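Colleague: Which chain is which? The protein sequence lines are A and B, in order.
Mapping to our numbering: the first sequence position 17 is 17, numbers consecutive.
Mapping to our numbering: the second sequence position 34 is 134, numbers consecutive.
It is possible that some hints are incorrect.
[To be verified] Using C-beta positions, here's what the derived DEER-type ranges look like:
no.	chain 1	residue 1	chain 2	residue 2	range
1	A	Lys56	B	Lys142	36 to 42 angstroms
2	B	Gly156	A	Trp71	17 to 23 angstroms
3	B	Pro160	A	Asp66	50 to 56 angstroms
4	B	Ile133	A	Met1	23 to 29 angstroms
5	A	Thr61	B	Lys142	17 to 23 angstroms
6	A	Thr31	B	Arg155	22 to 28 angstroms
7	A	Gln43	B	Phe140	21 to 27 angstroms
8	A	Glu70	B	Ile167	27 to 33 angstroms
9	B	Ile167	A	Asp66	43 to 49 angstroms
10	A	Asp68	B	Gln141	43 to 49 angstroms
11	B	Phe140	A	Ala74	44 to 50 angstroms
12	A	Asp69	B	Val138	50 to 56 angstroms
Worth flagging that the hints you see were computed from the coordinates, not collected in a lab.
On a predicted model such as this, the values are computed, not experimentally measured, just so you know.
C-beta atoms are modelled at their ideal positions from N, C-alpha and C, and glycine is treated no differently.
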Amino acid sequence: MDAERSKLLKSVRMHGFAVVEAQLFLDSHPTCKEALEYFRKHQKEYEEAVAKYEEKYAPITVGGVDCDDEWTWATKPWPWERSEN
Amino acid sequence: MEICTPKSSDICAAGFCDGCPQPEGKFPESTPIGMAYVPFQKWEKTYDVNIALCRGTIFPSLDKPFIGEEAVSNGCRKK
């Protein structure tokens with residue numbers, strides 16, 4: 001996996017994790033301004049990282065598959081796979 | 101905790117009485133006993149996201165490794 005790709009994947013993971021953490025907090029603090037702001041910020045960064053990664057490399061989730069000519073979910077490496085195959 | 105001097109005759113010698121020193125908790129008087137209470141989490145300055153991913157939380161006050169880093173290096177007990 002080239003450096004650019006793993007850097008992008010790390011960004012997907014970091015911001016995805018921050019989104020989940022904010023979600024858990026917001027479940028019990030639904031009107032907390034700081035938490036809502038934090039969620040919006042990382043949600044945006046997460047979506048950007050996913051969009052870039054999927055456009056250039058492979059789908060992050062099945063929902064992100066572009067299957068114009070082949071089912072890339074199966075033909076391209078999954079996000080958790082270490083090396084190209 | 102100072103030793104109490106029982107005001108009334110009934111019980112004490114740490115069998116409890118009116119004079120016994122009661123630990124002052126932060127709970128309001130009306131709080132029923134016999135229940136468990138968890139302090140409500142407040143938002144706080146979060147870890148930077150790359151740190152948060154390694155620590156498993158964005159909240160420093162939730163970052164409680166039950167096995168201290170110095171005692172265990174990456175998950176295996178030191179011989």
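Colleague: Indicate whether the distance between the beta carbons of A/Asp68 and B/Gln141 respects the range 43 to 49 angstroms.
Modeller: holds, 46 angstroms
Colleague: Lying within 17 to 23 angstroms: is that true of the beta-carbon distance A/Thr61 to B/Lys142?
Modeller: violated, 33 angstroms
Colleague: The hint says 50 to 56 angstroms between B/Pro160 and A/Asp66; measuring C-beta to C-beta, is that right?
Modeller: violated, 40 angstroms
Colleague: Is the distance from the Cβ of B/Ile167 to the Cβ of A/Asp66 consistent with 43 to 49 angstroms?
Modeller: holds, 44 angstroms
Colleague: How does the Cβ-Cβ distance of A/Asp69 and B/Val138 compare with 50 to 56 angstroms: does it lie in that range?
Modeller: holds, 54 angstroms
Colleague: Is 27 to 33 angstroms right for how far apart the beta carbons of A/Glu70 and B/Ile167 are?
Modeller: violated, 46 angstroms
Colleague: Is it true that the C-beta distance of B/Ile133 to A/Met1 lies inside 23 to 29 angstroms, as the hint says?
Modeller: Since the Cβ atoms of B/Ile133 and A/Met1 sit about 58 angstroms apart, the hinted range of 23 to 29 angstroms is violated.
Colleague: Just tell me: holds or violated, for the beta carbon distance of A/Gln43 and B/Phe140 against 21 to 27 angstroms?
Modeller: holds, 25 angstroms
Colleague: Does the Cβ-Cβ separation between A/Thr31 and B/Arg155 fall within 22 to 28 angstroms?
Modeller: Check passed, 27 angstroms falls within 22 to 28 angstroms.
Colleague: Does 44 to 50 angstroms hold as the CB distance between B/Phe140 and A/Ala74, or does it fail?
Modeller: holds, 46 angstroms
Colleague: For the pair B/Gly156 and A/Trp71, does the Cβ-Cβ distance stay inside 17 to 23 angstroms?
Modeller: violated, 34 angstroms
Colleague: Look at the Cβ atoms of A/Lys56 and B/Lys142 and judge whether their distance stays inside 36 to 42 angstroms.
Modeller: holds, 40 angstroms
Against the hints set out earlier in the document, violations occur for numbers 2, 3, 4, 5 and 8.
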